[in-house]
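Residue numbers (our numbering), protein chains in the order written: chain A, 665 to 897; chain B, 316 to 676.
Check each hint, because a few of them may be wrong.
Cut-off 25 Å, straight-line C-alpha distance, at most; resulting in silico cross-link-like pairs (DSS-like, lysine-lysine) [what the hints assert, rightly or not]:
(1) B:Lys599 / A:Lys741
(2) A:Lys856 / A:Lys845
(3) B:Lys599 / A:Lys786
Estimated spans, in silico, between C-beta atoms of each pair [what the hints assert, rightly or not]:
(4) A:Gly873 / B:Val335: 51 to 59 Å
(5) B:Glu450 / A:Ser807: 55 to 63 Å
(6) A:Asp782 / B:Arg329: 37 to 45 Å
(7) A:Val885 / B:Glu583: 53 to 61 Å
(8) A:Lys786 / B:Leu667: 27 to 35 Å
Simulated from the structure, these hints should not be mistaken for lab results. We treat Cβ as the ideally placed atom computed from N, Cα and C, and that holds for glycine.
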Amino acid sequence: MPALEMSQVRKVYGADDQQVVALNDVDLTVDDDEMLILVGPSGSGKTTLLTVAGALLRPTSGSVKVGGVEITDLDDKEAARFRRDQVGFVFQSVNLVPFLTARENLLVVRQFGGSKIDGAAKKRADQLLDELGLGGRGDNLPSQLSGGQKQRVAIGRALMNEPPLVLVDEPTSALDSELGKQVMDLLRSEIKGRGVAAIIVTHDDRVLGYGDRQVQMVDGVLSSAAPATATTT
Amino acid sequence: MMIGIKELLRQPGRFASVGVALTVLVVLLTVLGGFLDGLELNQTGPYRAHEGRLLVFSEQSENLIQRSELNKAQATQLAEVDGVAAVGALNQIASTASASDGEILDIVLFGYDLATDVLPPPPSDGAVADDAMAESNDVAAGDTLIVGANSEPVIVASVVGDLSQGSPTVWVSTNRWREIVEVSNPAALPPEDVNQALVIEPVPDADLDLLAADLSSIDGISAVTASGAIDSLPVVQQQSTTFEGIIGLTYVVTLLVVALFFALITLERIGLYAVLKAVGAGTKDLMAGISAQAVCVSAVALILGFGISLIFINVLPADLPVRLVPSRLGQIAVGVVFTSIIGSLFSLRRVLRIDPAEAIG
């Protein structure tokens, strides 16, 4: 079963003469262990696609299924639960909670909806931090971490709840070449190692080779789809 | 909730302003409450000494002892009602007393028949003195008080606490009271077999409210509990209305301070809350964190506020009627925490409107 199926998805902002079509009858399928690179110019609708796939926005029309479950008709509470359990987000600006340590930033997604942080959750957080090369940084606040380390904590947070779908927005935009490469190597390793699906939105040409497939979006339309030319790790 | 507590612990400076404001408000509430309780308790000792009894007044007296008169026939009628174990007289008159130090004090002289949990049986010849006199004039058991305009000597048999009625009180038997009033102020002496008020001792396990209703059904009779008699006192009503108005206003200010603070802090955190919503937090999770912060800040403000109030009240002149009553402190604690929670919930509308999609740009 595909991790993500988008069918005839349309997202329109504004009304009447002010309408902007951000997604124009998009069809997209991402397999359950596929790493998809989504490229396109600014304002082409990449981020809107990511937000619709992650139940952050409802499409104007069309169908979005994650793991076979239709998510377009979820209410706010169900959508929050879906995002907590089924999707991992890595944001462009990292967006860690500034007053929580690296470990707590991973654990934070475990405590929503009345859940408790148990020993297994703490063990998983420590294990993820180790895998991400942050074994000794678990007690550091984000302000005590470098840009690359923060990005790795953000990746750990996205993977903490073992989601089947990870959505990544411009993961290297704030990193230099070396750090960007390190982060992408790590991201691919973690995502492929877990067999989960991922969509990575990017402007960065250096990222293109890390995906299994590359899709281009222009003016809300998926205008091309091609296998990635290279894969590195 | 954990996030809210962690923020409070790691960035306490962010909450300093609301903490200081709440502490000042707690001090204000505690001192105002202390004055209200002090004034009320200092006026109502004789009534509170009759807890567990009923006080009976004539119907037109509005439960004020100085306006009330009850005759022997009414007393007999009351004694025959089911649930009544004993009926005793209670009379009072404003007077003066001089202690061994020679200072002349304004007192209220009571004549009574029945012992209570506070008052011992009326001494056959002596008097029970309020410990306000013991504190201010070193009056002790065995001392002689010179009471009234005709200098009637009364030997203090015992000293009992918390009997003041604005002035210190002295308690003698009804017979002795009549003797003293007869010589010092005969015009104020009720006729033979007439008393100002009566005290009803109920049978064990009697329901006081039901018994009061039964007794009040007798023509010309108004029977109330001790707290009912206190509530009827004009001085208590006036003080309560005034102070409770100020205290209520202080709670409103507390509510506004907390609401404004958390409204501002929520505006600052819109980006953070959008991220938390994006990774699965519900509005309930975020509001639980905000309310937990409000409760913690209130708890710290209460501890500091009570401590500061205690110090402040201790440096006030001793003759100021301020009393810290545990029930009042409990009421303030519950009131401040509850008000803070309600104040923090004013941010709910803003939190509800935060769009998780903002997290992703």
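A quick look at each hint next to the structure:
1. Only pairs whose Cα atoms come within 25 Å are accepted, and B:Lys599 paired with A:Lys741 is accepted, the gap being roughly 10 Å.
2. With a C-alpha separation of about 16 Å, the suggested pair A:Lys856 and A:Lys845 falls inside the 25 Å cut-off, and the hint holds.
3. Annotation: proposed proximity of B:Lys599 to A:Lys786 holds, straight-line Cα distance about 24 Å (limit 25 Å).
4. Between A:Gly873 and B:Val335 the beta carbon distance is about 57 Å. The supplied range of 51 to 59 Å therefore holds.
5. Between B:Glu450 and A:Ser807, the C-beta spacing of about 60 Å keeps the proposed range 55 to 63 Å intact.
6. Between A:Asp782 and B:Arg329 the Cβ separation comes to about 30 Å, which falls outside the hinted range of 37 to 45 Å.
7. In this structure the supplied range 53 to 61 Å is violated for A:Val885 paired with B:Glu583, their Cβ-Cβ distance being about 39 Å.
8. Taking 27 to 35 Å as the suggested C-beta distance range, the pair A:Lys786 and B:Leu667 conforms, at roughly 32 Å.
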